[in-house]
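Trainee: Okay, here's what each chain looks like letter by letter:
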Amino acid sequence: MYSSEEKTVIYEAAVSGNNNRAGLAAIRKGGGLRVLSKEEDDRTAAFLSMLEKKGIFLVTFLSDDYPESLKYASDPPLVLYGMGKRELLQRRKFCIVGSRITPPWAEKVGKRLSEEISEHFTVVTGLAEGGDAAAIAGALPRGNLISVLPCGIDGCYPAAHAALKERIAKEGLLLSEYPLGTGTAKFSFHARNRILAGLSEGVLVLSAGVKSGALITAGKALDYGRDVFALPYNVGISQGEGCNGLIKAGAYLVTSSADIFTVYGIEPHRTEEAATEGDESRILKYLREQGETHVAALAEALGMRIFEASAALSALEIKGLATKTGGNKYSALS
Amino acid sequence: MIAKIICYALSGLEGIPVEVEADVNKGVPSYDMVGLPDTAVKESRERVRSALKNSGLLFPMNRITINFAPADLKKEGAAFDLAIAISLLKASEQLLGAEVKDIVFLGELALTGDIRPINGLLPILISAKSHGFTKFIIPEGNAEEARYLGGAEIYPAASLGDVVRHLVGMQPILPLETRMFVPGQHKKSTADLKYVKGQPIARRALEIAVAGGHNMLMSGPPGTGKTMLARCLPTVMPDLTFDEALEITKIHSVAGVLGEEGIVTERPFRTPHHTATTVSMCGGGNKIVHPGEISLAHGGVLFLDELPEYKRSTLEALRQPLEDGCITVSRAGGTFTYPARFMLCASMNPCPCGNYGSADRICTCTPAEIRRYRRKVSGPLLDRIDLQVEVDNITYDDLTSEEVNEDSSAVQKRVNEARQIQRVRFEGTPIHTNAEMGEKEIQEFCHLTREGDKILRDAFERMKLSARARARIIKVARTIADLDASEDILPKHVFEAVSYRLYDKI
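Protein chains in written order, with this note's numbering: chain P, -1 to 332; chain G, 501 to 1006.
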């Protein structure tokens, strides 16, 4: 299953434990491969069968399906631990990230974008709350999702997402460069972000404060020559300052998935808009003209009873045309 | 000579007849009490002795034995004082010619001979009446409470002397006149929806909740009027019927929280503080089990402000009474069942800082903090709350629609109409309101139009709702349709019901 060169890589990177930096660097350059001794070969075989029992596979730097784009990242991982659908590695990949504190509306927009992007790309993201969770929620139903962990593949950070992690391992793909049992450290998030950027053709930032990890991913993407996209924010919202900063610096401004698809020459996503009639159409038109509006103000302006308005808004919400933005306010989604 | 006097002991909300027997014999003066009296009953000896002396009567200096029958029931409290005194008088032949058979004597004695009011008089009277007793001598201080019980001769007495004069026919006490029950007669609450500024969505949710007997949860930043709205709940609930009022009064009487007016005429509104213990919430006590807050809220509203601040065990204890409408508490002194059919209204902030989901203020909580905060309220409890509504901090000065200025009585009128529909629907079943429907009733009474059914399916597909959430949405939609006087549940009713689910969607 693994060629002898691959076994050497696995031995050097994961089994030996002697952290031979010079040797590893040589492998990245395409050399430094030697034949394993009998004892080394046995240890590697035992290690591989242990992983197999746990349903974990290894992708090495020399594997056929090692993502080409990742090789151009800085310090590309020599082995990647994976669980789930290995074939996703070969698809076109697009990264969606966001900080853990993401406003509810941005989560909803992010989820929808992720859902549409997952039609053409495998969505790459982390496993955190907020932006990552929105990207996962959008792409997981289609199973077109890679989630890269900042810890060993048998760990889970945050622990609250353990069940979500299980689902991704079944329906999507989990990746990690760390040996089993490795916990998280401050640097491991940064290191993970280089893989996110390295795997993907572009990065969409859903939310980022001034010092957000999402900005590091975007920075890496720029280093590797990938496209950077960002969601625009109102002035004065701290969770969006990083996004607006990226746009100022030249990132693509994204309000719909079409903004991303045109960059890659893909036919923009067309949803046949769910049919609306009567009150629903009137409300949707009003929301599109006025922006975010409180239910009571909307009902007053359109001369409706308030509970009629909230019923119609709830219908629009189910149809995916409007969203509740908090405090009984609604806005149109497109 | 032996005298037998009837008195009553209380077990939960049930009165149990107790015969007080006094035997006065010749011999060395002594005073024995048998038949499981507790300390308060034993101490009655001194009260009775002084009361007799200070009423100008004689305490017999003989060998006295007092027996309480049935002997296996623990006798607690001071309500036996009057019966003991009368039995002594009768046994020592100081009440010649007086007829004491079939009269129930109730009351605690003061040393001066005055009769003090007792707790739990009304439930005793109701039980005794059902046991066939029709004549009662009760403390004057309990007269208001007893006035509403028709079909019995009730004599309120101020002192032991009065009782003796009444019994020997020197100065009869006039029996109490029965008073008609008028709902809302002794209104204490001044809450009214007309004082609530704005909040049209919460108002509507309140109306639906009351109309269908649903529990509700209000979520919103501090200072947006959640408590004020909750206080209006009893004012839009249907007026108390006499039977309901009697049942509530019984509980309040046993707990000793009955006001001077003697009967509860408006629906209770209980707001236990979030430091409340499980025992204070559900009822309990060392020997006698006192009704807890959920029983005191019977027929009314239990309002839990800042729901996540309550102890988790306390909240979990509410689940079973919310299903059964009663609570059974077991203690060393016995097992007692108190009614607890209340409407639960809770309020909470969306997150520890209160700004999560707010459109104009930024929430500073981390996701882990929000999760921890929400997790304090368990899923199973949230499952029993059909309506969840957001209360916002918008000013409504420029809004003129009638819905934001209505008063409680207008809402109550619509609620009564919706309840009437439900009364007809559930005729002959133990169910009173839509909220109590089970799966069988949902299938039977909640007809969806074909279009409505399709929309509902789509909605559940898209929102990924559980089967339980589906049942709750249908129940709320049924109530909304009732308020609309519609036989079928139309799509708009379903959509509106969906909009009252906050924490399924997040």
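It should be emphasised that the hints constitute simulated quantities derived from the structure, not laboratory data.
Possibly wrong hints are sitting among the right ones.
To be verified - Computed list of chain G residues with no C-beta within reach of chain P, every gap over 10 Å:
| id | residue |
| --- | --- |
| 1 | 542 |
| 2 | 562 |
| 3 | 834 |
| 4 | 868 |
| 5 | 892 |
| 6 | 949 |
| 7 | 991 |
Stated by the list, open to error - One side of the interface only, derived from the structure: several residues of chain P facing chain G at Cβ under 8 Å:
| id | residue |
| --- | --- |
| 8 | 98 |
| 9 | 99 |
| 10 | 288 |
| 11 | 289 |
| 12 | 293 |
| 13 | 294 |
| 14 | 310 |
| 15 | 325 |
| 16 | 330 |
| 17 | 331 |
To be verified - Below, in silico cross-link-like pairs of lysine-lysine (DSSO-like), each with a Cα-Cα straight-line distance of 30 Å or less:
| id | chain 1 | residue 1 | chain 2 | residue 2 |
| --- | --- | --- | --- | --- |
| 18 | P | 209 | P | 184 |
| 19 | P | 184 | P | 109 |
| 20 | G | 687 | G | 697 |
| 21 | P | 109 | G | 553 |
| 22 | G | 688 | P | 317 |
| 23 | G | 574 | G | 542 |
| 24 | G | 954 | P | 109 |
| 25 | G | 954 | P | 283 |
| 26 | P | 168 | P | 51 |
| 27 | P | 317 | P | 283 |
| 28 | G | 913 | G | 697 |
| 29 | G | 635 | P | 283 |
| 30 | G | 697 | G | 629 |
| 31 | P | 209 | P | 168 |
| 32 | G | 687 | G | 553 |
Small disclaimer: the values here were computed from a predicted structure and weren't measured.
Just so it is clear, CB atoms sit at the ideal spot from N, CA and C, and this is done for glycine as well.
Trainee: Are the hints correct? Go through all of them and say.
Mentor: Verification of the supplied hints:
| no. | hint | verdict |
| --- | --- | --- |
| 1 | 542 | 60 Å, holds |
| 2 | 562 | 78 Å, holds |
| 3 | 834 | 45 Å, holds |
| 4 | 868 | 7 Å, violated |
| 5 | 892 | 4 Å, violated |
| 6 | 949 | 15 Å, holds |
| 7 | 991 | 8 Å, violated |
| 8 | 98 | 6 Å, holds |
| 9 | 99 | 7 Å, holds |
| 10 | 288 | 14 Å, violated |
| 11 | 289 | 11 Å, violated |
| 12 | 293 | 6 Å, holds |
| 13 | 294 | 5 Å, holds |
| 14 | 310 | 7 Å, holds |
| 15 | 325 | 4 Å, holds |
| 16 | 330 | 15 Å, violated |
| 17 | 331 | 13 Å, violated |
| 18 | P:209 - P:184 | 14 Å, holds |
| 19 | P:184 - P:109 | 27 Å, holds |
| 20 | G:687 - G:697 | 23 Å, holds |
| 21 | P:109 - G:553 | 86 Å, violated |
| 22 | G:688 - P:317 | 47 Å, violated |
| 23 | G:574 - G:542 | 12 Å, holds |
| 24 | G:954 - P:109 | 25 Å, holds |
| 25 | G:954 - P:283 | 25 Å, holds |
| 26 | P:168 - P:51 | 15 Å, holds |
| 27 | P:317 - P:283 | 15 Å, holds |
| 28 | G:913 - G:697 | 21 Å, holds |
| 29 | G:635 - P:283 | 75 Å, violated |
| 30 | G:697 - G:629 | 49 Å, violated |
| 31 | P:209 - P:168 | 34 Å, violated |
| 32 | G:687 - G:553 | 43 Å, violated |
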